[in-house]
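> What follows is the residue order along each chain.
Number of protein chains: 2
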Amino acid sequence: ASIAVSGAAYGLDSKEPIQPIAAAKTKNPALAELGKKLYFDARLSKSGFISCNSCHNLSMGGTDNLKTSIGDHWHEGPINAPTVLNSSMNVAQFWDGRAADLKAQAGGPIANPGEMGFTHKLAVDVLQSIPAYVAEFKMVFGSDQVTIEEVTKAIAAFEETLVTPNSRFDKWLKGDKKALNANEVSGYKLFKESGCVACHNGPAVGGNSYQKMGVVEAYKTASKAEGRSAVTGKDADRFNFKVPTLRNVELTYPYFHDGEAATLKQAVETMGRIQLGKKFSDDENARIVAFLKTLTGDQPSFKLPILPPSSDLTPRPQPFGK
Amino acid sequence: ASIAVSGAAYGLDSKEPIQPIAAAKTKNPALAELGKKLYFDARLSKSGFISCNSCHNLSMGGTDNLKTSIGDHWHEGPINAPTVLNSSMNVAQFWDGRAADLKAQAGGPIANPGEMGFTHKLAVDVLQSIPAYVAEFKMVFGSDQVTIEEVTKAIAAFEETLVTPNSRFDKWLKGDKKALNANEVSGYKLFKESGCVACHNGPAVGGNSYQKMGVVEAYKTASKAEGRSAVTGKDADRFNFKVPTLRNVELTYPYFHDGEAATLKQAVETMGRIQLGKKFSDDENARIVAFLKTLTGDQPSFKLPILPPSSDLTPRPQPFGK
Ligand code: HEC
Ligand code: HEC
Ligand code: HEC
Ligand code: HEC
Ligand SMILES: [Ca+2]
Ligand SMILES: [Ca+2]
Ligand SMILES: [Ca+2]
Ligand SMILES: [Mg+2]
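Protein chains in written order, with our numbering: chain C, 1 to 322; chain B, 1001 to 1322.
Isolated chain C, as found in the complex (with noise of 0.2 Å):
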């Protein structure tokens, strides 16, 4: 949240529901750097094979743009695999909120049985047998002992660099009426007036709050997901989900928990008709289309990491065994 200013700081009209959101200012660039390889390494996984970037792709918005993941052993997920890109905005981490932030987040996928299916112990073994990794954790943390804590600590703290600054949208907030045509504009209006903002708000245009998927009209899907419930136990929270960040939507497909929804011109629909009880006309639901893709910004731009290799002491991956 530190990274998200207020459109204050730009000196805009305080009225607008949306902020622009502000390139990431790293505190521990080495940190990150550290992050970032991990992020990258499929070594992290019991197969060799699957790494953060398998599922959150930085070449296609964060996301592996399928209804629900493959974990190990091509394991169908249970849910659609949200974005990276500017999760650090989020209240909490996961569709449920499990996760109060990104390092609590990140320990999860290592050991969980159909992500990467590995354990924190075998991880960190494996990351202490490479001469190379030992080296940096020591420059960053200054020890010789790499725990999981130092592992999700460097990868929240890449993860906090993936925010996307600069989109169409943003240029407009901040004055240059000449980065939107009228078309989405009048897109943007639509969302304000229609009552979107209620949950899309925000520097990242939702990612803030808890709410009932089906307002007005339930929701009908073969997902098994209940939401918030499932974390506070509470009845009234059944279906709750958390509002996703509607920043480079044009890049998440597809759209809700199941992944139900395989373009913006669905999800749009659907939201009006069960959030808000509206039908959108063919000519309003692709004037608020036109507007989200104006919330694509910057994609995270830096060299692919080159990972250090193995040791003869690694202990070796098992892609193939129970």
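For the record, the hints were derived by calculation from the structure and aren't laboratory data.
Every residue, glycine too, gets a C-beta built ideally from N, C-alpha and C.
Accuracy of the hints is not assured; some may be wrong.
[Stated by the list, open to error] Straight-line C-alpha distance at most 25 Å; calculated DSS-like pairs for lysine-lysine:
| hint | chain 1 | residue 1 | chain 2 | residue 2 |
| --- | --- | --- | --- | --- |
| 1 | B | Lys1303 | C | Lys27 |
| 2 | B | Lys1293 | C | Lys234 |
| 3 | B | Lys1177 | C | Lys303 |
| 4 | B | Lys1303 | B | Lys1138 |
| 5 | B | Lys1293 | B | Lys1177 |
| 6 | C | Lys303 | B | Lys1025 |
| 7 | C | Lys293 | B | Lys1303 |
| 8 | B | Lys1153 | B | Lys1025 |
| 9 | B | Lys1027 | B | Lys1138 |
| 10 | C | Lys174 | C | Lys293 |
| 11 | C | Lys220 | C | Lys234 |
| 12 | B | Lys1103 | C | Lys25 |
[As the list claims (entries may be wrong)] Some chain C residues judged to face chain B by a derived CB distance under 8 Å, without partners named:
| hint | residue |
| --- | --- |
| 13 | Asn65 |
| 14 | Ile70 |
| 15 | Leu180 |
| 16 | Asn183 |
| 17 | Ser186 |
| 18 | Asp312 |
| 19 | Arg316 |
Start from chain C and add chain B with the ligands according to the hints.
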């Protein structure tokens, strides 16, 4: 082969059996840029999950570092994935040389049911549905219609950029005698004098001939691969495999076509024994390994490609169907 230069170009002692490699000269950078995107694009696979980079990971020496690869639906591959680094210098592609060149090779994995599991037609349909790709193909090839020939041509052009000059050994060859230490130089001498250079020679330190695996003693393996005879039909070619490049061999573990040698130490021991009838002492083995590690050159250095999003018309990936 056009990018391999002979030692003579550097005014070197022409008696050295290994020559330095030169940086790639890219004739058509726009073509190679398009190929880079395609190389990283998992939408060329049926599942939408597997790209060339999944098995030839450019963060990891252009390999997956698995004994045999994981393909579509977690299919267990039959053979170890060779590096794509410097593969443009190979006499032909694949362990048995069944593809004449990189362009001929690149269509293979897309349509291989155990690799990317797709068809050429479907892959082309996906690209044709993505406006930014259509525009880029048009810029590069001048036509509106994407073809599989263009796809493989672009990927091959990208792969031709994947050469690794400036290894410490190349610096030494070019006259910088401090680039290697005494131990490494003595490893090189042993490599020459033992006869390794009979097969591992030229700028790629291999890649230019097919040789029997098991000259002096038969190689014991559970692998069903019989090598070159699968292409020629000749009994004399049974267990003849393309000699792998030893460039970047520190990064391309595990070794041999079955991936059964986990370490360079093991690979050198086996080579000495079955190819040359030699038993190296631990010290000799370590010196050869030290020399081999000086063959690691400049790794690929470019920004992570950002891929264009699918459109509403793009056929969706089929990760879990038949
Ligand atoms: C096999 C696929 C897979 C892998 C591997 C994977 N993730 Fe995820 N990720 C998911 C899915 C699916 C979710 C949503 C789970 C949920 O909400 O219950 C998720 C959620 C997240 C979130 C929360 C985003 C949000 O808006 O709530 C973050 C952050 C994240 N992953 C980062 C990572 C990191 C870091 C790694 C590697 C250490 C990783 N992921 C590995 C599939 C994966
Ligand atoms: C009452 C709160 C609420 C309102 C109003 C609302 N949304 Fe949403 N929106 C959500 C929630 C919650 C989700 C995630 C639901 C899920 O996946 O289960 C979501 C998901 C989306 C998605 C899919 C994002 C993704 O990455 O999966 C889009 C697009 C979207 N909303 C657009 C809109 C538009 C356009 C409007 C107005 C027509 C709107 N929303 C109104 C709460 C709301
Ligand atoms: C599922 C794993 C997998 C995928 C995906 C894959 N490859 Fe390969 N690749 C292999 C394996 C295994 C071999 C060795 C096959 C053989 O020799 O019979 C190979 C061989 C090669 C070779 C020959 C190298 C040599 O020295 O002989 C090249 C070049 C290559 N692949 C490039 C690519 C390109 C380009 C793509 C994407 C279009 C790709 N590969 C996709 C596993 C894969
Ligand atoms: C008669 C030809 C020949 C000789 C002599 C020879 N090699 Fe090889 N080498 C090969 C072939 C062929 C392979 C691939 C065999 C396979 O995988 O089936 C290979 C593979 C290797 C590999 C594994 C490379 C990889 O990426 O899998 C190493 C390392 C190696 N050789 C080193 C040596 C050393 C060191 C010597 C000398 C002690 C030597 N070779 C002598 C032909 C030879
Ligand atoms: Ca430590
Ligand atoms: Ca999505
Ligand atoms: Ca190998
Ligand atoms: Mg054409």
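> All the hints need checking, so say for each whether the structure fits it.
Okay, the hints, checked on the actual structure:
1. Lys1303/B <-> Lys27/C: Within the cut-off at roughly 23 Å; holds.
2. Lys1293/B <-> Lys234/C: 59 Å, violated
3. Lys1177/B <-> Lys303/C: Between Lys1177/B and Lys303/C the Cα gap is close to 31 Å, so the pair fails against 25 Å, i.e. violated.
4. Lys1303/B <-> Lys1138/B: 23 Å, holds
5. Lys1293/B <-> Lys1177/B: Measuring from Cα to Cα gives roughly 16 Å; hence the hint holds.
6. Lys303/C <-> Lys1025/B: Holds, because 20 Å separates the two Cα atoms, which is no more than 25 Å.
7. Lys293/C <-> Lys1303/B: 24 Å, holds
8. Lys1153/B <-> Lys1025/B: Holds - the C-alpha atoms of Lys1025/B and Lys1153/B are around 16 Å apart, at most 25 Å.
9. Lys1027/B <-> Lys1138/B: Status holds; Cα separation ~18 Å.
10. Lys174/C <-> Lys293/C: OK: Lys174/C and Lys293/C at ~17 Å, within 25 Å.
11. Lys220/C <-> Lys234/C: 21 Å, holds
12. Lys1103/B <-> Lys25/C: 44 Å, violated
13. Asn65: 6 Å, holds
14. Ile70: 5 Å, holds
15. Leu180: 19 Å, violated
16. Asn183: 17 Å, violated
17. Ser186: Violated. Min distance 21 Å.
18. Asp312: 5 Å, holds
19. Arg316: 6 Å, holds
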